[in-house]
Amino acid sequence: MTLGVVIQEPIIEEYERLGGRRLRAFMRNRPAVIAVAVLAFIILSAVFASLIAPFDPSEIDLMNAFAKLGSHCSAPDCQLVGSHLLGTDNLGRDVFSRLLFATRISLFVGFGAVVAALTLALPFGLIAGYLGGKLDWLVMRIIDIILSIPPLILVFAIAGVLGASMKNAIIALGIFFTPLFIRLIRSEVVNLRNSQLVETERAIGVPDRYILVRHILPNIASPLIVQVSLSAGTAILAEASLSFLGLGVQPPSASWGTMLQNAFERIVQHWWMILPSSMAIAMTVFALNVAGDGLRDALGKVR
Amino acid sequence: MMTSNLSGRKLLKIENLTLKLPTEKGWIQILEDVNFEIDKGEVLGLAGESGSGKSLTALAIMNLLPRNAQVSGSIEFGGLNLLELSTKDMRSIRGREIGMVFQEPMSSLHPSWTVGEQISEVIRTHEKVSRKAAWSRSVQMLALMDIPNPAERAKQYAFQFSGGMQQRVMMAIALSCNPKLLIADEPTTALDATIQAQIMEIIQSMQKEREMAILFITHDLGVLASLAQRILIMYAGQLIELADASVIFDDPLHPYTQGLILSAPHPGMKGGKLPSIKGDPPRLGRLPSGCRFHPRCEFALEICKVEAIPVTQTPDGRTVRCIRSDELMLGKQIEVAVS
Amino acid sequence: MEVTDSGLREPAMQLKNVRKEFYSRKSNAIRGVDVAVAVDDVSLEIYPGESLGLVGESGSGKSTVGRLMLRLLEPTNGQIYLSGNDITKLNRRKMRRLRGQVQAVFQDISGSLNPKITIGKLLAEPLEFHSTLNKSQREIRVRELIELVGLSVHHLARYPYELSGGQRQRVSIARALATQPKVLVLDEPVSALDVSTQSQVVNLLQELQERLKIACLFIAHDLFIVHHVCNRIAVMYLGSIIEIGSAEQVYSSPRHPYTQALISAIPHPNPTIELNRKRIVLEGEIPTPTNIPSGCRFHTRCPYVMDICKTVEPTLEEYEDGGRVACHLHIEGPKLGGKSVDSLRDSLVK
Chain A
0 MTLGVVIQEP IIEEYERLGG RRLRAFMRNR PAVIAVAVLA FIILSAVFAS LIAPFDPSEI
60 DLMNAFAKLG SHCSAPDCQL VGSHLLGTDN LGRDVFSRLL FATRISLFVG FGAVVAALTL
120 ALPFGLIAGY LGGKLDWLVM RIIDIILSIP PLILVFAIAG VLGASMKNAI IALGIFFTPL
180 FIRLIRSEVV NLRNSQLVET ERAIGVPDRY ILVRHILPNI ASPLIVQVSL SAGTAILAEA
240 SLSFLGLGVQ PPSASWGTML QNAFERIVQH WWMILPSSMA IAMTVFALNV AGDGLRDALG
300 KVR
Chain B
0 MMTSNLSGRK LLKIENLTLK LPTEKGWIQI LEDVNFEIDK GEVLGLAGES GSGKSLTALA
60 IMNLLPRNAQ VSGSIEFGGL NLLELSTKDM RSIRGREIGM VFQEPMSSLH PSWTVGEQIS
120 EVIRTHEKVS RKAAWSRSVQ MLALMDIPNP AERAKQYAFQ FSGGMQQRVM MAIALSCNPK
180 LLIADEPTTA LDATIQAQIM EIIQSMQKER EMAILFITHD LGVLASLAQR ILIMYAGQLI
240 ELADASVIFD DPLHPYTQGL ILSAPHPGMK GGKLPSIKGD PPRLGRLPSG CRFHPRCEFA
300 LEICKVEAIP VTQTPDGRTV RCIRSDELML GKQIEVAVS
Chain C
0 MEVTDSGLRE PAMQLKNVRK EFYSRKSNAI RGVDVAVAVD DVSLEIYPGE SLGLVGESGS
60 GKSTVGRLML RLLEPTNGQI YLSGNDITKL NRRKMRRLRG QVQAVFQDIS GSLNPKITIG
120 KLLAEPLEFH STLNKSQREI RVRELIELVG LSVHHLARYP YELSGGQRQR VSIARALATQ
180 PKVLVLDEPV SALDVSTQSQ VVNLLQELQE RLKIACLFIA HDLFIVHHVC NRIAVMYLGS
240 IIEIGSAEQV YSSPRHPYTQ ALISAIPHPN PTIELNRKRI VLEGEIPTPT NIPSGCRFHT
300 RCPYVMDICK TVEPTLEEYE DGGRVACHLH IEGPKLGGKS VDSLRDSLVK
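Chains as they are written, first to last, in numbering that gives the first Met the number 0: chain A, 0 to 302; chain B, 0 to 338; chain C, 0 to 349.
Okay, chain A solo, but in the shape it has when bound (with noise of 0.2 Å):
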């Protein structure tokens, strides 16, 4: 019999790491890797605008208005290059190069909001979490007041109030996202916060703030990666619908809200003009719910 300490054999053997694990858990969900090429596709297509689109989106051709899919030119120095693929819209602007750049305006609106979201919750949800009482229970009460309200109708308020543009929508989706993300970022805090893992760190005499930023940030980070991604197709989506009542991205600008609103109010003798700008946001709303629930399954199950 071993009586005594002895000295343990190395572990030699390779063990995978834990992020490999969960990379080929998500790998495996086909739908969510097609969501994910989907999604890479649109924001390269974004990125790339300038370079991908045939036409100037601004440029008027009113002699060329409501062309159809496919259709030349009608300028006399207009270039082979110049085939309208989608057609032209009322006012004879491309309609495919007026999408590209819409593409990136909403998708800058609709991840910025929810990055801005994410930048101011992230603080008060740790703080309040961590330290609890009066200050938790004070931002809690604030955040059930600002959930209390319809969602649309919170926006589309401080969208009024503070005027309609690009800047503001970001500022008005962002407000609505903040209490969620607190929420969300405060109950997994005060999950760990009675933890084992913090307990022990704090009986080793590491400082509040690194317990916070080192052990319970990376720890909650996969609820919340989850909760964000499911959360900026909704920003999107709300983005559309403010820039569809005009209370979001104005005109010239391109936003798909705004080609929405032009395809929709001359949709009785032009119908086909809906479906670029509608086609676009549903696309990416459902890749990003479709990957948001990869990302779920696959950082779920794999420990």
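Note that these hints are calculated values from the structure, not bench results.
This one's a predicted model, so the numbers in the text were calculated from it and none came from an experiment.
Heads up, some of the hints might be wrong.
[Said to hold, decoys possible] Quick list of the computed label-pair ranges, beta carbon to beta carbon:
no., chain 1, residue 1, chain 2, residue 2, range
1, B, Q159, C, P114, 31 to 39 Å
2, A, L298, C, E317, 54 to 62 Å
3, A, A39, C, E138, 37 to 45 Å
4, C, R92, B, T188, 41 to 49 Å
[What the hints assert, rightly or not] Take a look, some chain C residues computed to stay more than 10 Å from chain A by CB distance:
no., residue
5, K15
6, N27
7, D33
8, D85
9, S109
10, N133
11, A175
12, S252
13, T310
14, D320
15, L335
Beta carbons are placed, not taken as given, at the ideal position from N, Cα and C, and that holds for glycine.
Given the structure of chain A, go ahead and fit chains B and C onto it with the hints provided.
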């Protein structure tokens, strides 16, 4: 409704039980070639640590394994092969012929049903009795488990009971239809020492009264010392020793058994180092070659690292999976360590 | 204080009349607060180089005592002394600086180690905040530490989930020793481990404690292990220390009926002995800390209960060997006067 037929047969006979579970990396073997029997009214202790497969053996008997598990072999209970029964037939065996008690009573009890309702439900599932009759039997079972004021407590909910009391409720449920076999999977591990003693007393008296067979699963050999007639030791999914309780503690045949016995602290051991087994129990899916215990075995030879070790029967009827068991005088070492 | 040959010895850690109450809303009423007295007037000392075992079941308050010592919880009443200095009321910042001297190892069930950080970084963390070592000096010390607990430098690049339970506990021990603490609080350090691994870790703890001369508080529910490893044992029941003495005395000749029952509750691994010994099985459930019985808190379950036990709470009385016990049996009734309560065993009806 399936009823087992015993007439002369062993109550439970497990042959070549093998269990695999699918993972990312392929199938991992949880149980390999497990064989044992339980007689009517016999108490068999099943001892092992984490990764030994003891709990999954119990779940296999009750056919409560995850759906994607691959099981082979046979589990014969009173003439019926439990692995081949339909879901409906298996359900009539569970609870009526075989009862089971788990480690965490709070997770096994229904949170929003009263305790009396839970016991009654089991009774009414298996027997055609009226609600009133089932209820009074429930109260009787609670009284049998030494729960004071059983009539009132039957109307209470699980959370209103302490851990030890909850475990008594679990046993009342398990024994309500007078099963022939009780499977107890670490029933006292989560309880305080003085409460453990109470529960053990109840289990012992129930066993004697009803001549019930018990498969008692635990990691604590000491608990088995007075309760079990025979003890089965499992390691990494394999059976590695099976012997009478009266013999195994003084004269273990397998180095792991010896290690388990010695490393559990017992009186008369003050000072010096506690005996221990070096290394850690293997992780399933990363089993050592040859003898699964060899990396931790003091007596390992080259051949132990290579050859898969079969189970052997000794002349005096004991079972062990070790090729050196006849030459190692493990019993003597225990004597020395204890004196 | 202890009188030894070299004069008076200062305890490394001391609790004086410490009381801890927890409040919760009444479960059966709309208003009002339930008070749970987790720790009731507890005083104890741990001397440098000694290991004190603290044993009890649920509701005993032993874990709470550990956390009070670490000042992870604030006492409702009483004082806590570290090397003779009163640390009870120190503010957070001052307390944090002292933490290097009082470290802890907890039970590892849900993970004391951050799964996102490597072992090496985890070991370096206490050094970051409690030492003046620079980065490369810390690395050297981390290597020393990992080998001190019987692991190898290979493990430093691993993550906690890649190690077994026993190995993780070794890492936790190494972390606790990084700052060379004077006092170590161990809260059920081996309870969650496999039996075969428990002894390994216990041996390691014992060796390190002796070598480094650390004052240890070993909180456990397993009397056997505590008896093997500790110099003295204190037994707690419902928030109060009911017996304290040398490990040998408490274990072989317990003075309190509860201690006797605790020892009796553990089955003996030898079947012959186990079947023939007379077991003491207590009746009834353990009361909750919100409803502590009057008089002697153990009287509701005591096999030797007398009338006085129901009304008067016994105080800790000291006997010649320095051991103390709070039980009327030593003063009234059979008047044991310090003799083991085992002598009353045969008088039990069961």
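Structure-based check of all given hints:
In this structure the supplied range 31 to 39 Å holds for Q159/B paired with P114/C, their Cβ-Cβ distance being about 36 Å. Distance hint check: the CB atoms of L298/A and E317/C are about 59 Å apart, consistent with the given range 54 to 62 Å. Between A39/A and E138/C the beta carbons are some 41 Å apart, a value that agrees with the proposed interval 37 to 45 Å. For R92/C and T188/B, the hinted distance range of 41 to 49 Å is satisfied, since their beta carbons lie about 42 Å from each other.
With 10 Å as the threshold on Cβ separation, the claim that K15/C sits away from chain A holds: the shortest Cβ distance comes to roughly 22 Å. No beta-carbon of chain A is positioned within 10 Å of the beta-carbon of N27/C; the least distance is around 25 Å. Distance to chain A confirms D33/C as a non-interface residue, since its nearest Cβ pair spans about 20 Å, more than 10 Å. With a minimum CB-CB distance of about 19 Å to chain A, D85/C clears the 10 Å threshold, and the non-interface call stands.
With a minimum CB-CB distance of about 5 Å to chain A, S109/C fails to clear the 10 Å threshold, and the non-interface call is violated. No beta-carbon of chain A comes within 10 Å of the beta-carbon of N133/C; the shortest separation is about 18 Å. The Cβ of A175/C sits about 8 Å from the closest Cβ of chain A, inside the 10 Å cut-off, so the non-interface label is violated. For S252/C, the shortest C-beta to C-beta distance to chain A comes to about 28 Å, beyond the 10 Å cut-off, and the non-interface label holds.
The Cβ of T310/C lies farther than 10 Å from every Cβ of chain A, with a closest approach of about 39 Å, so its non-interface assignment holds. D320/C, annotated as away from the interface, keeps every beta carbon of chain A farther than 10 Å; the closest lies near 30 Å. Non-interface status of L335/C relative to chain A is upheld: no Cβ of that chain comes within 10 Å, the nearest being about 38 Å off.
Of the numbered hints stated above, those contradicted by the structure are hints 9 and 11, listed in ascending order.
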